[in-house]
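Given chain A's structure and the hints, the job is docking chain B onto it.
Number of protein chains: 2
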Amino acid sequence: MVGDLVRQKLVPSMSKYQTTNSDAFALPAYPLIPSGDIRDQRKSQSNKQREPFVFFIMRLNLKAVMLVLTVAVVVITLGVYMRCAAFSFSPDFVRQFNRHHESQTSSAAQTSDALQDIECSINQEYSVHCKRDENANEVYVPFSFLRNYFDVSGAVTTSGTEVAKFNWMHSTAKVNLPKGKYDARGVFMYFENYNVEVRDRVKCISAAEGVPVSTQWEKRGYFYPTQIAQFALSHYSKNLTEQAPRVHVLEDGDGYQMDWTTPKTSNMTRIWHHKFNTSVVQFETAIGYESAISIGFNQTLDLLLSVDMLLVTNSSSLMVTVQNRDTKHSYNLHYIPADLLLSVQDSNIYYGLGASALNKWRHITRDLHIDVQKGIVLGDKRSPLKVRRSDLEVLSVAFLGIGFYDNITLSTSEHMAHFYDAAEWFVHNQDPKSGGWTNPVRRSLNGFAELSPGWISAMGQGHAISVLARAYWHSGGDERYLKAAAAGLQPYRVFSQDGGVLSQFMDKFYWYEEYPTTPPSLVLNGFIYSLLGLYDLNSTAPAKIAREAGQLFAQGMYSLKKMLLLYDTGSGTSYDLRHLSLGVAPNLARWDYHATHVNQLLLLATIDSDPLIAQTAERWKGYMFGKRAKHN
Amino acid sequence: MVGDLVRQKLVPSMSKYQTTNSDAFALPAYPLIPSGDIRDQRKSQSNKQREPFVFFIMRLNLKAVMLVLTVAVVVITLGVYMRCAAFSFSPDFVRQFNRHHESQTSSAAQTSDALQDIECSINQEYSVHCKRDENANEVYVPFSFLRNYFDVSGAVTTSGTEVAKFNWMHSTAKVNLPKGKYDARGVFMYFENYNVEVRDRVKCISAAEGVPVSTQWEKRGYFYPTQIAQFALSHYSKNLTEQAPRVHVLEDGDGYQMDWTTPKTSNMTRIWHHKFNTSVVQFETAIGYESAISIGFNQTLDLLLSVDMLLVTNSSSLMVTVQNRDTKHSYNLHYIPADLLLSVQDSNIYYGLGASALNKWRHITRDLHIDVQKGIVLGDKRSPLKVRRSDLEVLSVAFLGIGFYDNITLSTSEHMAHFYDAAEWFVHNQDPKSGGWTNPVRRSLNGFAELSPGWISAMGQGHAISVLARAYWHSGGDERYLKAAAAGLQPYRVFSQDGGVLSQFMDKFYWYEEYPTTPPSLVLNGFIYSLLGLYDLNSTAPAKIAREAGQLFAQGMYSLKKMLLLYDTGSGTSYDLRHLSLGVAPNLARWDYHATHVNQLLLLATIDSDPLIAQTAERWKGYMFGKRAKHN
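One line per chain: the protein sequences are A and B, in this order.
Quick note on numbering: UniProt numbering labels position 377 of the first sequence as 377, and the sequence is numbered without any gaps.
Quick note on numbering: UniProt numbering labels position 141 of the second sequence as 141, and the sequence is numbered without any gaps.
Hints may contain errors.
Identical chains share a label here; the pair holds if one copy fits it or two copies do between them.
[Unchecked claim] Straight-line alpha carbon distances no greater than 27 Å define the calculated DSSO-like cross-link-like pairs of lysine-lysine that follow:
no., residue 1, residue 2
1, K328, K219
2, K179, K544
3, K328, K165
4, K630, K219
5, K219, K360
6, K275, K181
7, K561, K508
8, K174, K630
9, K621, K544
10, K544, K386
Hints in this document: simulated from the structure, not taken from any laboratory.
In isolation and in its complexed conformation, chain A is listed as follows (with noise of 0.2 Å):
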């Protein structure tokens, strides 16, 4: 998984921390010092030696002040004595004065003693400015070059009165301790707080599948397998996590019903359907927007718009304006039966429900703020406008040409009805014959040789599964959903070689490879992945189906003992086992990584009670806190 990770970094973490004022360090890197000019930086840098003095007469007491004058004016007296030729206090007289003021008037000193500059030679290979505490045999390293020569992070917070403090963060990344026994129905891992279609690599929410269109590793956009299911598992989640959303019904043909603005040219009526068995609205218009039936709003924020409709000519569609309430700026929303994904001219944005759609009726979910999100990236790379969901509001709703529409409700949340539509498209996007979801992008790993499209991931095939066992469970046994998981299963018997997702390392342990490169590459967060959905299906299927799952799981797991420590580096995680199979440097987990790792860790421990799987958490997630293993 290379991409698909959110990220939470600094700020959930500092967070944590309770800070209400952060001050995360800008620095763009650690100040080399040209050879020849450290005094130069240092007379740029004086203004900063102001504070010790101010303290220090700040402080004067009433007794040490008198002294001072008293020395003054006798002092003053000799000057004018000697017509002030030649006057100049000796040092030493100085000094001693001096030391005798400075036992007054340290005890409170808010600023710290003056450090010498001292060059920091690095390996002997550069230098960098460090400060020097002569008496204590101390000395300081700035934090901006430890930074980059450790990768640690660090920030300066105050937290409402208190003073700053300089928060070090030897990782930032959060470790997300699981609340109790992982429970296939349950929640997926911690993805409630996933925003999968949030992401800058989510193009938007095809509007024909419902479903995220990624842009990772190829521009103009594609469905990833394994995008898609954390899109499907995060809204599943979320929908066990967050509160019941609120739905406003808008019109039904029946109990609800709205007041339409309907043009002279155009009509609606509320007929009776025969097969549904209930009322829904037919209309015709005709063309231009000014002749649309439409309802208005007044400050409607709830942003998550479902329709059922059927749109019977090319140029019929579903139009939503959404305004900016803080620029006023207005966005049309146009859903056209096209094959078509995403295009943005000026203020309109036009989804695509497909060329296909046309004469069916379809049941559309749409996020609006992110539909306008996304329009506005689309419209303006360079420097998008980033609008939040509580700026927007729904201004109207409308329709144009001919179809017909029911159950029209603005809601705050549909997880469940995100949920299905990634479901459907793994019911309706598997390969027959493989039983992959396959990867219609080429995929390059540093060493490897390059995957052609087609390429099957096991953690695509874990993921979807895990969706479809909890669909499967959840629809109260749609076995579309548990075919499809079924399925989904024959790539992790197949070799990557030979077009499914199965490795072997040392001629010895199965592993189920994320990337099916030759020779393996053996991902560490992927393969755990694709033994979740393996588990999960194993929970939550029927005996034949659960049994055949239970086998291949158990086979991973076997192989996860066997090699986990192969990932350990004493200080962190490889991200996989690279270094083993091409013979070069390993390919370090960065600290996010690192995290899933420790995460996955946790989850397996409260299914697995090998204790090697809670100690290796344990010590991993000591890893980022610096807790590194001993040296001999």
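Coordinates of chain B only, in the frame set by chain A:
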């Protein structure tokens, strides 16, 4: 190899920096702040605040002084006028006053700008005192904390008249670049730098065997084959790299004769030895030192004594008196025919030649400096005096009792004599059944079952073979050495659990174990040393034995290349693979072992052109300079 690695840490690598004054940090640990008393600690540091004010006052120019004094006079007048009631400076007044002068005084200041104290919270776990430069948005972290937290080194150095500089050393261990292709007949690694007998864990050099006695794992002392081989290889290497020794022949009964002091009750005669076809000295004395026959010296600084002798009675002995030129203290070294390793009584130091030495001609070579030093250590274990070689001079050599002697020399070194003493030890102390040089002590590796006395080490075998291969070659083909070396190959083919040193990783790769643990511990440096022994024998032995060694070497090199990256942590190396065998934290190699890994790979790269070896060596070298592998 746990202990037998020379510690050339701080001092040699400091010399690299051409420093004349090294000021290594002596702070025990970073200053922890107990919660609540931050203010108290500030108070205690008050005396460091002296300097800025001194300089401030010192740099007041005449005008400034006059301004201060004028103000003072006005203020005094006012004060007197107000009868000193409620007199005080306004803070604002003082601040402006101060600012005015700051700009004049700072430009050439030797001391840096005053920084503020700031508490650094380390991972929310504990705090250290840092400094903050608010203007530059920089925080300075004390090195005393960093040293422990990151295991780095550093010291303030001043070179002559230069300004002080802080040398940050990621690692202080030393890389030894090979001088050319490794030669089995030449210097072993960089062992010319080793001084095995000087090490604290060497109790003494046995007078019976002429080889070191280790106390590393058992206090009473034992013969440790690995150490004995390192003793041999270091002297072999020194013989090739050092100047030829200065040798003084004192007495050989023929061309060189000394004027021996012979008390009345004693006598000595030079007699012809028919078998040796040379003259030898025969002596007979009464009991008591005063009746010894002896020769005295003036300023004899050559401390390597060599002698052929035959003692007839238990009470016969060789006695050498050595004086500390500084303290004028004398030490009597007694070499006696008894089963005794080392015994000390006041200034009398006794070395046992073995009871079996009676009535046999023996050639002994003694480093009198080492013999005195080890005696001093045994005599005063708490705070033994360190005696420098250059402090000692030989006062006299004497014989007591009944016996013969010949070929007495004093010289600056006797490397090859030491080397051959060790080679003989290996010939005479090989287990005839296993071909192993057994370790007569328990050895406990954390987490593994204890090794019982009698275990064999692949490192010991390899080192011994390196010694014997060189002895075979250097002696011009002494078959005894070849035979012992060839027999020493046997344990390479026997699994650890069967008494050998062979193990297999992942049922795939053969490995020669420094410590034949079950499960395997797979110590890297010991394995490579075991390979060097094979290489040496392959390079020097006749065809059949060479082929045998060559096959074992090739098998090991194959494993090494397949497993080398298992030791790579991306910022250092593991010492062994116990984390894989036991499922525990990696046993990281401390910097000097890491340097050994680098040095070994650099050497192997001269005899194996596989780029994996050279590339890995380069990367591992980079780790010693803080160059970590990239993270994803």
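Return the numbers of the hints above that this structure violates; sort them in rising order. 1, 2, 3, 5, 6, 9, 10
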